[in-house]
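Please dock the two separately framed chains into a single complex, following the hints provided.
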Amino acid sequence: MNYTFQFAAVLEELPYLLGGAVVTLQIAFASFWGGAVIGLFGALAKVYGGVVARRIAAGYVTLLTNTPALVQIFLLYYALPDAGILLEPMTAVLIGLVLNAGAYLTEILRAGVLSVRRSEIEAAATLGMSQLQIVRYVMLPHIAKTIYAPLSNFFVWLVLGSSLAALFGVEELTGRAINISTANLRSIETFTIVAAIYIVLTVIASASLALVGRWAFRVKAKVF
Amino acid sequence: MHHLEIRNISSSYGKLEVLRDVTLSADKGEVVSLIGPSGSGKSTLLRVLIGLTPPTGGNVYIGGNKVDYNSRKSLKDLRGHMAIVFQQYNLFQNMNVLRNVTIAPVKIKKKPREEAEVRARGLLQKVGMEEKADAYPDELSGGQQQRVAIARALATSPEILLLDEVTSALDPERVKEVLDTIRSLTHEGITLIIVSHEMAFVREVSTRVAMMDQGKIVEVGPPEQIFRSPVESRTRDFVSKILSH
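As you go down the protein sequences, you meet chains A and B in turn. Numbering follows the working numbering, in which position 140 of the first sequence is assigned residue number 140; successive positions increment by one, without gaps. Numbering follows the working numbering, in which position 117 of the second sequence is assigned residue number 1117; successive positions increment by one, without gaps.
Next up, chain B with everything else stripped away, as it sits in the complex (with noise of 0.2 Å):
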């Protein structure tokens, strides 16, 4: 069994079919990428994976257990193995930069502050953001703060961590820094699994990649299969159509 199993995973919101009989897999310290046109899916099933958006149909199952995404505890549960990078950050803009990547440790799994502090700090480091544990949200550029929600992320020491296109919403400029520390990440034994429309950098760090179409997976195999020798026409066309921009 893989670390992560999506079974046949359906999502609707009211009659509009946005997920449909997903099955995708990924192995501990894997880094799957799903990439397809905008409105395929690929937001939607991690919002799916971390509980934000009930699933109509088929089951998750992390290390063999089976998620049920109906109650609070296994959600709780879930949420200690898993953790999500938004598009637009998402950080507590009433907290300063430290307090955000402390606050999962501190509150949800009760690490003393002085522990959580030295760990954060750690993880400002990381990413490059040591300097700004005292600045607020509001202070900090787009790219800055998607750093800083990385460290977020991390500091709930995540075995898969989801992230949502985090780099759609930067300015060019700094779209690099952040995927410098993604590719930091990703020989660390975290499950990575990323929707980017970045395809350069998709094809570099990716074990595997998912096209997504219509709610459902196209493709599935290693960057080289899918951006060189694609199978399905409708990879074919979008990567195509995304390379020869």
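Just chain A, same shape as in the assembly (with noise of 0.2 Å):
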């Protein structure tokens, strides 16, 4: 293999690919908040919801679990404007990956959901709280201290997965990396380094999440 790595013309693009990873945390970060709110009444409706909110929310998990996030995104950025929705990449990026996780964090909140206790729910009833004081201060601590590994799991997956933002146009961290190689045609070097921050930035996001995890619900969580 005669390949000279050139690493240097890459390494200039630092800052702006950089600025891309920011873009993909701001991507995974809003996305997870977003299916999470979306995931938490997902998985109340699923344990405790009527007929009617119980079928609701296994359709919309049967339906965006079964298909990729991808040809979500591709329904929602290339078939909406014929219904005159325009949206924007991002816009459509983020949409997209909302109602996805939504979607897979309903599965994961509903497993924690059901890990709360009736016995404490009880409890706090007796004891004068509200049905959303009850999911504030009860449900909610039991349910993130049962679902925090694959939730981290998950979160990493969306770091990941923001990736797919690229083919929309949106220049977060694979987005930016593109538009170098296709520069400075030095692919190898460019994916190379945009692997290695891939990693840096997952490997941050999971040790603080542990740290997290740790101090806010005493989950012996591994930090590495």
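Worth flagging that the hints you see were computed from the coordinates, not collected in a lab. Any given hint could be a false lead.
The calculated DSS-like cross-link candidates involving lysine-lysine, where the alpha carbons are at most 25 Å apart (straight line), are [stated by the list, open to error]: (1) B:Lys1028 / B:Lys1126; (2) B:Lys1110 / B:Lys1126; (3) A:Lys145 / B:Lys1132; (4) B:Lys1241 / B:Lys1028; (5) A:Lys145 / B:Lys1107; (6) B:Lys1107 / B:Lys1073.
Here the structure is a predicted model, which means the values were calculated and not measured.
Right, here's the structure in full:
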């Protein structure tokens, strides 16, 4: 192999790539939290809801977890304009990922909701807590503790999965890597460095999630 | 009118009638104990009173006001006057002892945190748990958890406190510490409704004892009557079996 690696050309663009990494994290955070809100209601509907609520939640989860996120975003981006709804690429990606994450998080959170002891809910009710207070102070901490590990994994998946935004021209980490490599023709170097940045991102994310878990939920999570 | 009036309360799980036409009252500061075999409806009566199990008939009055178990507002109001301690303690596992005791005053009664904490520490001292204020429930023994649960219930300043077999899940050695705690409550003007199999204790602290069987109250009277000269044969039967242990 007589290929000469030339990282210098790529390293010049490091600030630009790191800027893309920030966008990647923003997409991951936004889809995670947006999805978590949908997921919480989805999980509550699946566990405690009536027939209609359960059916709607189940249909949503089945539909969204059995089609690729990429296809879902394609539909939002290319099919909705026919119905008169034009979305910016970033908006389409965010809506798609939020809906997709919401479906997966519904299932993850459902396991958490099932872990809440009925007796604690009753105790909270007899102390005079409202339904909302019971969810906030009694159920959520239990749910968070139970689903901590799958949730961390899912967040990492979102950080990596957000790279599909590049296909729609969103300039996050992968998108910017494509921009650079088409200009400098140093694809191997560019994507090696991008891979390294992704590793750093996910390691930092996992470690900080583990720290938050230890501090907030007394979970004995491994930091490394 | 009595402070707590239970009039013709019934409750069913499906077709099974768990409570049948139960009528009972308690004056302020009274200690009324419910005894009877397992499945006689004692715990269900407490669950109905605090609004965890819906009654299918009858009414409950507190201080002359009728409780509407179908109204959230009425339930919230009720739970400002009444608290319950469960057999399995049911502490919030994700909160330390102090937070278990302060959560209701702070979040529901909107008391300032410092004030609630000072009061909570006082209550924890009363139940002998002030040194464990920062511990989590899973670090405590059953008896300790139960004493915290009593402090948590007292933190809402209840006029009526329901105690549902609070020593049944405890080691014999731990029973005494919890009973001592309850004994200290009997002269504070709180109306206590106690479900218990600790007959000696029931006999000692109760102002009146109600014998239940098959969802009905068979006999109500002062402890001397129930334990020494019961009127009903079912009571005599039950008491003699229990006391001959």
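(request) Could you check the structure against the hints above and give me the numbers of any it violates, in ascending order? (result) 4
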